[in-house]
Amino acid sequence: MTTLTRNASPAEQVLPGTRRRRGRGDVKIALFFIAPAMIGFVLFYLVPTLRGIYLSFTEYSILGEPEWIGVANYQAIAKDPLFWNALGVTTQYVLINIVLQTALALGLALLMHRVAKSTIIRGALLLPYLMANVIAALLWFWLLDYQIGIVNFLIDSIGLPKIAFFGSAEWAIPTQALINTWRHMGYTALLIFAGLQSIPSHLYEVANLDGASPMQTFRKITLPLLRPVLALVLIVTIIGSFQVFDTVAVTTQGGPVNASRVLQFYIYQKAFTESDFGYGSALAVILFAILAIVAFIQMKFLKGNESDLD
Amino acid sequence: MKKKTIGSLAAAAAAVLALSACGGGSSAEAGKGEINYWLWDANQLPAYKQCAEDFTKANPDITVKVTQRGWDDYWGTLTNGFVAGTAPDVFTDHLGKYPEFIKNKQLLALDDAVAKDNVDTGAYNAGLADLWVGEDGKRYGLPKDWDTIALFYNTKLATDAGVSAAQMADLTWNPDDGGSYEKTIAHLTVDKNGVRGDEAGFDKNNVEVYGLGLTGSGSGQGQTEWSYLTGTTGWTHTDKNPWGKKFNYDDPKFQESIDWFAGLVEKGYMPKLETTVGASMADTFAAGKSVINANGSWMIGQYTGYKDVQVGIAPTPKGVSGKRASMYNGLADSIYAGTKKPEAAIKWVEYLGSTACQDVVASKAVVFPAITTSADKAVEAFKAKGVDVTAFSQQVDDGTTFLFPIADNAAKVDGIMKPAMDAVVSGKAPASSLTAANEQVNALFK
Chain A
26 MTTLTRNASP
36 AEQVLPGTRR
46 RRGRGDVKIA
56 LFFIAPAMIG
66 FVLFYLVPTL
76 RGIYLSFTEY
86 SILGEPEWIG
96 VANYQAIAKD
106 PLFWNALGVT
116 TQYVLINIVL
126 QTALALGLAL
136 LMHRVAKSTI
146 IRGALLLPYL
156 MANVIAALLW
166 FWLLDYQIGI
176 VNFLIDSIGL
186 PKIAFFGSAE
196 WAIPTQALIN
206 TWRHMGYTAL
216 LIFAGLQSIP
226 SHLYEVANLD
236 GASPMQTFRK
246 ITLPLLRPVL
256 ALVLIVTIIG
266 SFQVFDTVAV
276 TTQGGPVNAS
286 RVLQFYIYQK
296 AFTESDFGYG
306 SALAVILFAI
316 LAIVAFIQMK
326 FLKGNESDLD
Chain E
22 MKKKTIGSLA
32 AAAAAVLALS
42 ACGGGSSAEA
52 GKGEINYWLW
62 DANQLPAYKQ
72 CAEDFTKANP
82 DITVKVTQRG
92 WDDYWGTLTN
102 GFVAGTAPDV
112 FTDHLGKYPE
122 FIKNKQLLAL
132 DDAVAKDNVD
142 TGAYNAGLAD
152 LWVGEDGKRY
162 GLPKDWDTIA
172 LFYNTKLATD
182 AGVSAAQMAD
192 LTWNPDDGGS
202 YEKTIAHLTV
212 DKNGVRGDEA
222 GFDKNNVEVY
232 GLGLTGSGSG
242 QGQTEWSYLT
252 GTTGWTHTDK
262 NPWGKKFNYD
272 DPKFQESIDW
282 FAGLVEKGYM
292 PKLETTVGAS
302 MADTFAAGKS
312 VINANGSWMI
322 GQYTGYKDVQ
332 VGIAPTPKGV
342 SGKRASMYNG
352 LADSIYAGTK
362 KPEAAIKWVE
372 YLGSTACQDV
382 VASKAVVFPA
392 ITTSADKAVE
402 AFKAKGVDVT
412 AFSQQVDDGT
422 TFLFPIADNA
432 AKVDGIMKPA
442 MDAVVSGKAP
452 ASSLTAANEQ
462 VNALFK
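Just so you know, the protein sequences line up as chains A and E, in that order. Just remember that my numbering sits 25 ahead of the position in the first sequence, which is counted from 1. Just remember that my numbering sits 21 ahead of the position in the second sequence, which is counted from 1.
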């Protein structure tokens, strides 16, 4: 970013007198270019968010008029065992998903950087990500089916007991976390790979001359210099992970019992199935707050907005 | 999000209501042009397309656009349509859903039209027409079809086990020892070593073929899962039906029956609930994984349609009362309160509820039409296809049916009862835990 700005300045140095006028012209042009995104943001994010916050203080079945009830929804949520269950289930999902996904993606990125230079192989890693979430979920729903899935057929044929990947309380969340890990790790790896390429190669040469082992190089050079990228990747993936919905919606729908009733699905159930929009909105506001806090903590501790590279 | 739309929608709905209340004297636009009709069952689409064509022949100034949407999308899209004012003029309605539509004033009352056009609600099978009268005493739908429950069974696997069709037709059940129903289910169950469920050395953890299939826990209704059993004990879902205000899941009679039902899993006679997520019960039945499947009459086409699988249909067992029992559910066609063509919509609904259309539906042999004479024709049409459906129709003929529980808060009741019943059927909680769920359910009505 900084280099771009510097490149733009020579023109100003040649004609210093025109600076102010050009500046104002830039604002207009900038606004023109920002407008499409801005309109989208206001219409589809800001207004619905504010309205959602308002609705969270109301009792509202989508077909009537919202009725103001103060913080009653929030009081009810605090005592709602299904909310606390959803929070626990979602956290379990996020932990499995993020730990595995980040570790695997980092490994893949390193392989892409050092070993697999072929564009085809690098491209192939992205393939699962090109598939829609719902399709990926349904595909695995089929492959892992207890009765007719090929995975259980293989497990059975080597004499092990079959696993109800989606049907059992123990497996429902880990299974879905693994499916989404599979789908997302290629994309995450690509982001990290971009970060790896921005690390100057002379640092590695120096490390090599000093006789550093590959492990030392990784820990002392790669990881610290990758930190801003990793911070970004973690923030984006954790926020995405907390919002898991489609996989659950097309497979277990919250079950068995409440084992996969993640927050987003519970919100959907309350708002759209049970027509309790006020309660659903209050749940959504709580999820919003959780994500904001998580992102803030990450930015603060991972120092994602500064690099060690200067 | 669409506050304004709702306002204008309510205004439009009020206008329409006022309009129909006046009766007659409306603009020509209301009785002309294209109207939209929705249904969810793809199997019935050809029959209703035929009805729409015939209808336009008789009423050249009205055309009907028939749209089919799968059950999962149907209700969400319909609700969106109500909010946006784009819902279809006429749609197939379900007893579990329409109380909420009435509450939100989305349905057009049909009383005036029914009175004016002399629609004979006595032509429908007994009780069906009354299901569609709301708590306010107004009619919100004309019956189109009905369904009951029976036992589909794999005749080859039954014959191999020495169970005859006559035995299947004469089963008995009670919650204590399960009667001959449980004995038959046990005998039809086979483990990996070929040992039957009622023989010594049966390995319940390695079952190859289950005596009874499982489609799910049944949530609060158990329509195809257990209501055909609990219905013989004198137990009812609600204090009164329709429009019950109190549910009875805390009744020991009910919990005893459910304990027996969940016990089949423990004994190895019925698959674990966790294995039913995914492939449908009917498909696993076709794969020879279970011998008996209790299911609804709307599944006749599916069960008899599998290649190389010989299917018999037996009536549900005689229970504690000495009689059989089956939940009796009926669908109807309702009119959206916001329709811009109420007169055309009413004509179409009356046509759908008439012998002319219901005979067409009967001839396709997919469901039982609501009109008694048309239902008889459907039985004949099934017979012509080589399927004996008397196991379903005899429940109606013998008067052993009970109505689908109609009550407010259906979605919220389901939100409580589905996890609670899942926990019981999966063996994680005893049926007595349903008492707590019942308290939550009844709290919705206070």
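Derived by calculation from the structure, the hints in this document are not laboratory data. Ideal Cβ placement from N, Cα and C applies to all residues, glycine included. Warning: the hint list may mix true and false statements.
What follows is a list of derived Cβ distance ranges for each label pair [said to hold, decoys possible]:
| hint | chain 1 | residue 1 | chain 2 | residue 2 | range |
| --- | --- | --- | --- | --- | --- |
| 1 | A | I322 | E | P67 | 23 to 31 Å |
| 2 | A | L155 | E | G448 | 38 to 46 Å |
| 3 | A | V176 | E | G284 | 25 to 33 Å |
| 4 | A | M156 | E | G106 | 44 to 52 Å |
| 5 | A | E92 | E | G148 | 33 to 41 Å |
| 6 | E | F466 | A | G184 | 17 to 25 Å |
| 7 | A | F69 | E | Q415 | 16 to 24 Å |
| 8 | A | E92 | E | G326 | 46 to 54 Å |
| 9 | E | D197 | A | V176 | 48 to 56 Å |
| 10 | A | L75 | E | K328 | 51 to 59 Å |
| 11 | E | K118 | A | W167 | 41 to 49 Å |
| 12 | E | P273 | A | F69 | 52 to 60 Å |
Status of each hint after checking the structure:
1. A:I322 / E:P67: 23 to 31 Å: Violated: the Cβ-Cβ distance is about 59 Å, outside 23 to 31 Å.
2. A:L155 / E:G448: 38 to 46 Å: 41 Å, holds
3. A:V176 / E:G284: 25 to 33 Å: 30 Å, holds
4. A:M156 / E:G106: 44 to 52 Å: 36 Å, violated
5. A:E92 / E:G148: 33 to 41 Å: 37 Å, holds
6. E:F466 / A:G184: 17 to 25 Å: 53 Å, violated
7. A:F69 / E:Q415: 16 to 24 Å: 57 Å, violated
8. A:E92 / E:G326: 46 to 54 Å: 50 Å, holds
9. E:D197 / A:V176: 48 to 56 Å: 41 Å, violated
10. A:L75 / E:K328: 51 to 59 Å: Given about 57 Å between the Cβ atoms, the range holds.
11. E:K118 / A:W167: 41 to 49 Å: For W167 (chain A) against K118 (chain E), whose Cβ atoms are near 30 Å apart, the range 41 to 49 Å is violated.
12. E:P273 / A:F69: 52 to 60 Å: With Cβ atoms ~54 Å apart, the hint holds.
Hint compliance for this structure: hints 1, 4, 6, 7, 9, 11 are not met, and every other hint is.
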